[in-house]
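Those protein sequence lines, which keep their order, are chains A and B.
The working numbering runs 4 ahead of the 1-based position in the first sequence.
The working numbering runs 2 ahead of the 1-based position in the second sequence.
Just so you know, these hints were derived from the structure itself, not from any lab.
Among the hints, erroneous ones may be present.
Stated by the list, open to error - Below are the EDC-like pairs computed for lysine to aspartate or glutamate, each with C-alpha atoms no more than 16 Å apart in a straight line: (1) B:Lys-271 to A:Glu-65; (2) B:Lys-6 to A:Glu-98; (3) A:Lys-135 to B:Asp-92; (4) A:Lys-131 to B:Asp-92; (5) A:Lys-80 to A:Asp-69; (6) A:Lys-22 to B:Glu-276; (7) B:Lys-6 to A:Asp-105; (8) B:Lys-103 to A:Asp-76; (9) A:Lys-138 to B:Asp-92; (10) B:Lys-87 to A:Asp-92; (11) B:Lys-9 to A:Glu-104; (12) B:Lys-9 to A:Glu-98; (13) B:Lys-6 to A:Glu-104; (14) B:Lys-9 to B:Glu-106; (15) A:Lys-13 to A:Glu-65; (16) B:Lys-9 to A:Asp-105.
Unchecked claim - Example chain B residues on the side facing chain A (calculated, C-beta under 10 Å, incomplete): (17) Arg-13; (18) Glu-93; (19) Pro-101; (20) Asn-274; (21) Leu-275.
What the hints assert, rightly or not - Covered stretches of chain A, as calculated for chain B (at least 3 residues, CB under 8 Å): (22) 53 to 65; (23) 73 to 81; (24) 84 to 90; (25) 97 to 110.
Everything numeric in this text was worked out from a predicted model, so none of it was measured.
Note that beta-carbon positions come from the ideal geometry of N, C-alpha and C, so glycine has one too.
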Amino acid sequence: MMMTILSTKNLTKSYGKKTALSNINMEIQRGRIIGLLGPNGSGKSTFIKLAAGLLVPTEGEITIDGDVPGVDTKAKVSYLSERTYLNDWMRVSEIIAFFEDFYTDFNRIKAENMLKDLNINPDDRLKTMSKGTKEKVQLILVMSRQAQLYLLDEPIGGVDPAARDYILNTIITNYKEDASVIISTHLIADIEQILDDIIFINQGELVLSSSVDEIRETHNKSVDGLFREVFKC
Amino acid sequence: MLGKLIKHETRATSRIFLPLYGALLILTIFTKLVMAIGAPDFFSEAASNNRVAEIILGISFTLYFILIVGICVMTMVMIIQRFYKNLFTDEGYLMFSLPVKTWELVLSKLLVGMIWSAVCTVMIVLTFFIFSLGTFSMMELSQAIRSAYSMFYLQTAMELNLFMAELALFILVNTVASILMIYVAIAIGQLFSQHRIVAAFGAYIVITIALQIIGSVFMAVLAIGNLENLVLNGRDAMTTIHWLINGSTVLNVLFGIAFYYGTQSIMKKCLNLE
Numbered sequence: 005m006m007m008t009i010l011s012t013k014n015l016t017k018s019y020g021k022k023t024a025l026s027n028i029n030m031e032i033q034r035g036r037i038i039g040l041l042g043p044n045g046s047g048k049s050t051f052i053k054l055a056a057g058l059l060v061p062t063e064g065e066i067t068i069d070g071d072v073p074g075v076d077t078k079a080k081v082s083y084l085s086e087r088t089y090l091n092d093w094m095r096v097s098e099i100i101a102f103f104e105d106f107y108t109d110f111n112r113i114k115a116e117n118m119l120k121d122l123n124i125n126p127d128d129r130l131k132t133m134s135k136g137t138k139e140k141v142q143l144i145l146v147m148s149r150q151a152q153l154y155l156l157d158e159p160i161g162g163v164d165p166a167a168r169d170y171i172l173n174t175i176i177t178n179y180k181e182d183a184s185v186i187i188s189t190h191l192i193a194d195i196e197q198i199l200d201d202i203i204f205i206n207q208g209e210l211v212l213s214s215s216v217d218e219i220r221e222t223h224n225k226s227v228d229g230l231f232r233e234v235f236k237c
Numbered sequence: 003m004l005g006k007l008i009k010h011e012t013r014a015t016s017r018i019f020l021p022l023y024g025a026l027l028i029l030t031i032f033t034k035l036v037m038a039i040g041a042p043d044f045f046s047e048a049a050s051n052n053r054v055a056e057i058i059l060g061i062s063f064t065l066y067f068i069l070i071v072g073i074c075v076m077t078m079v080m081i082i083q084r085f086y087k088n089l090f091t092d093e094g095y096l097m098f099s100l101p102v103k104t105w106e107l108v109l110s111k112l113l114v115g116m117i118w119s120a121v122c123t124v125m126i127v128l129t130f131f132i133f134s135l136g137t138f139s140m141m142e143l144s145q146a147i148r149s150a151y152s153m154f155y156l157q158t159a160m161e162l163n164l165f166m167a168e169l170a171l172f173i174l175v176n177t178v179a180s181i182l183m184i185y186v187a188i189a190i191g192q193l194f195s196q197h198r199i200v201a202a203f204g205a206y207i208v209i210t211i212a213l214q215i216i217g218s219v220f221m222a223v224l225a226i227g228n229l230e231n232l233v234l235n236g237r238d239a240m241t242t243i244h245w246l247i248n249g250s251t252v253l254n255v256l257f258g259i260a261f262y263y264g265t266q267s268i269m270k271k272c273l274n275l276e
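This is chain A alone, in the form it adopts within the complex (with noise of 0.2 Å):
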């Protein structure tokens, strides 16, 4: 097995004449769990959507487990995208069943478990419920996967403190030694207790990779702290 789990090479997106990510390159190992760290519009969705095959690189490569994204990678990235991409007619358990079809990694129990804990009905429809709670049941989802990487763009943004840890308990004890968890946000205080290392972007350009223990020893910051100083408006 390849200890790097992502890998880029001069990876470049544009959209139009508008550059979002430029020449980024980095490797991400297993077994890590890392806040992809920036301010709105650095290019940390389009990173994670390029990850995520759900765009195609204008220029250079991004790798999963040695592929281009594709059927192969699909089905070890677990992705979490920041919209809510699910079909309001459903049911959770009809999405539930979707999921289970097309994942073979999909775990039903763990699902269902989640759902009990965060008092969501199966049996609702998505039409029914609100954006948080949405957001929750897409979480769930996404984290009842035994993937080999997870990409979750922004999963705390829209859910309650409560929830929140619930959550982030969730992804720490989730996922297995070998898979990596790629979280992007900006809400740097609520995870930086579980993230091991940091990338920071900025206009498309990767400012900062890094390991948390690294920051804390050589700035003697918090990653919040830090983050502050190296975006300062």
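Since the structure of chain A is already known, use the hints to place chain B on it.
The following block gives chain B in isolation, referenced to the frame of chain A:
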């Protein structure tokens, strides 16, 4: 995975269509019953002695007509909407993260769209059949069909079966090509960063015009030297029509292939979900 996609696509669409077809069947049977009890001669005689039955029938035939038109429009809307909304809006985030190939996504939508188009046709024929129950005997019907076959052979020197099969193939290929043309137009629309729906409409219109031109050239080539045959009745005209149908089928196959590959390669190489 194609099978699973088709299963879920059918599930997503049947929740709309099954109630519609259920309503159509109930309305048809109800109308037929009113007709049978209150106005058995509804189709043959203009005047009837049962005013109430006449009024009920008037209303239910109007409803029937609205329902048929509604179902046909709905089938069309569904074909467009399932492709556009499910793949290119927020729902696309889920569909494109599934471990399936792009062509499987396209084909699953296409096949299910085809199935609903076929169901639409079959159901309309079925309602006609229900309405006309009791107004003819199976004997007469089979006799009429048999005489149609021999008449057709006498006039054209062609087997009616062959002609019907060719016509059916033409309709099938034409339906597939029309659906794929909508798909490719939507996919082309996605290449634009803004006003994607407008761009899709524009692409559709441009393709239509291009096809009209190609079709006209094709017709012109075929018609040259065959003009008097077309005007004349009988065997020669039939030969020309025969060629026209099969020629259009071949053209549509070519167009369909082009649309399919166009759609698929845009989705694969230039996917840009908003």
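Output the numbers, in ascending order, of every earlier hint that fails for this structure. Result: no hint breaks.
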